[in-house]
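**Student:** The primary structure of each chain is shown beneath.
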Amino acid sequence: MTIQEKAKSVIDEFAIFDDWMDKYSYLIELGKELPLIDEKHKNQTYLISGCQSRVWLHAEENNGKIIFTADSDAVITKGIISLLIRVLSGSSPAKIIAADFSFLDEIGLKAHLSPTRANGLVSMIKQMKLYARALQLKSNR
Amino acid sequence: MAFPVTQIRSDFPILSQKVNNKPLVYFDNAATTQKPLAVINRISDYYKTENSNVHRGNHYLSQIASDHFENARKYVAGFINATSEKEIIFTKGTTDSINLVASTIAEWVKPNDNIIITAMEHHSNLVPWQQLCIKQKANLKVVPIDYDGNLDMDAMKKMITPSTKLLAVTHISNVLGTINPIKEIVNIAHKHGVPVLVDGAQALAHISVDVNNLDCDFYTFSAHKAYGPMGMGVLYGKSVWLEQLPPYQYGGEMIKNVTFEKTTFNNIPYKYEAGTPDVAGALGLETALNYIKKIGINNIREYEDQLLAYATEKITEIDGVRIVGKAKDKTAVLSFVINGIHPYDLGTLLDQMGVAVRTGTHCAQPLMEYFGVSGTIRTSFGLYNTQQEVDVFIDALKKAVNMLS
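In order, the protein sequences belong to chains A and B.
Numbering of the first sequence is given in the working numbering, commencing with residue 1 and proceeding in unit increments.
Numbering of the second sequence is given in the working numbering, commencing with residue 1 and proceeding in unit increments.
The reader is advised that the hints may include incorrect statements.
Across the chosen pairs, the derived CB separations fall in these ranges [as the list claims (entries may be wrong)]:
no.: 1; chain 1: B; residue 1: L140; chain 2: A; residue 2: Q44; range: 19 to 29 Å
no.: 2; chain 1: B; residue 1: S52; chain 2: A; residue 2: Q4; range: 50 to 60 Å
no.: 3; chain 1: A; residue 1: E106; chain 2: B; residue 2: I14; range: 22 to 32 Å
It is worth saying that the hints were derived from the structure and are not from the lab.
No residue lacks a Cβ here, since even glycine has one placed at the ideal position from N, Cα and C.
Using the sequences plus the hints, can you model the full thing?
**Tutor:** As structure tokens, then:
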């Protein structure tokens, strides 16, 4: 699936929730699932500090595709991370660089991506794109 | 007489709006308070009928604006019982006021001198002193607090040395709600000839402030935390200090005579007010203080204490709640954590239910570290909050905890 197709499937999934409680319960459920990152990567090196919640992000290359894993100490942040990873992980650097995040807007979670929320998500996305860019430069060389 | 909270609420237009389709419960008053219509109108009227630059023109409007601006200064002086309006400097806010003092006293501070602060300071009453100490190779000393959030007064006494240049302390903690014994602190410091700066950001709207009685050397506050406009604040300084300290910023208004070779500076307070001031802000502040005065600060204190006691009692009924800040003398702030639940998650769900609280470190990271938490949820009350809102908040909190458990 392309990034767009994966984003579309997230939007479809959220379309069934007609009140905020169901939507957030689902996010919390996603957030509570198995760790999204190898415990050994949950350290200072991979930490993206937000004032409100902390996020750990790890990236590695596999056959020209980038595999992201991440975690957060706040469960709602983690739920949103799991959506981001589902949509972005496993794509090529060029696709990740070009990706937009309007799907979060469509499912009513855009506010969580506001820089003023300081929950680490904005920095995480920036970090994901930086990693993709670095990898692209390396392979172009 | 019962506290006229219904009448008061009708003075604040923002309170009647809905957030996420729920009636707004605004419990983030320590961050900023809402503004009564009187303040909004005063600012609007100024721009409609009085706007002009102050202290410059001899035309009608400039005269009116200057008179009103100076009357606002007199009003502020009276409100905090300063000896003279010359001791009232208009600034951008508490942070600006503190930076003004930290910059202008810089040359007093020599290597190995020290400045004393406390463990419960907001970053704005910590970082300016820390940076000053780094620049001057001086030491920053921190008065510890106990686990309830009371200052360790004995430790403070022992910290003061002949090399102590200033003691900076908050009147009320923005995280813990602790009301510090400023008068006693000033007494101790003055015995050693040490001046005291008080961060009054959280105090002005909640307790009576009398700088003459406190005898502090500097007192700072922001208008926006006392029902006034943002971007306006005050530095009160005893004239004996303000007259001997150097200017902070240079430019128009703060001068007497300028040649290309030299400048003689204006008298206080103008020496510290370079550039065109926020006239509308000063008038808005005056109106806000007048609003507080009409209701009576002691009535407000009593009412908010009741709200705090009620909220504290109700919240204790929830499993796993730990209140952060249990000082003997506290007001208007209730910080807490819930076992196993991240403050960000709770704040997000409370917002969905129309309840505005603050979550995170509250610009007091070292304090969070001391209490061993990554952040807290903070509810902070104002004169328009009600017991019924506390009930809505407690119900919402229970619902959120339920969803997250």
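**Student:** All the hints need checking, so say for each whether the structure fits it.
**Tutor:** Hint check results:
no.: 1; hint: L140(B) x Q44(A): 19 to 29 Å; verdict: 26 Å, holds
no.: 2; hint: S52(B) x Q4(A): 50 to 60 Å; verdict: 58 Å, holds
no.: 3; hint: E106(A) x I14(B): 22 to 32 Å; verdict: 29 Å, holds
Figure legend: structure checked against the earlier numbered hints; every hint is met.
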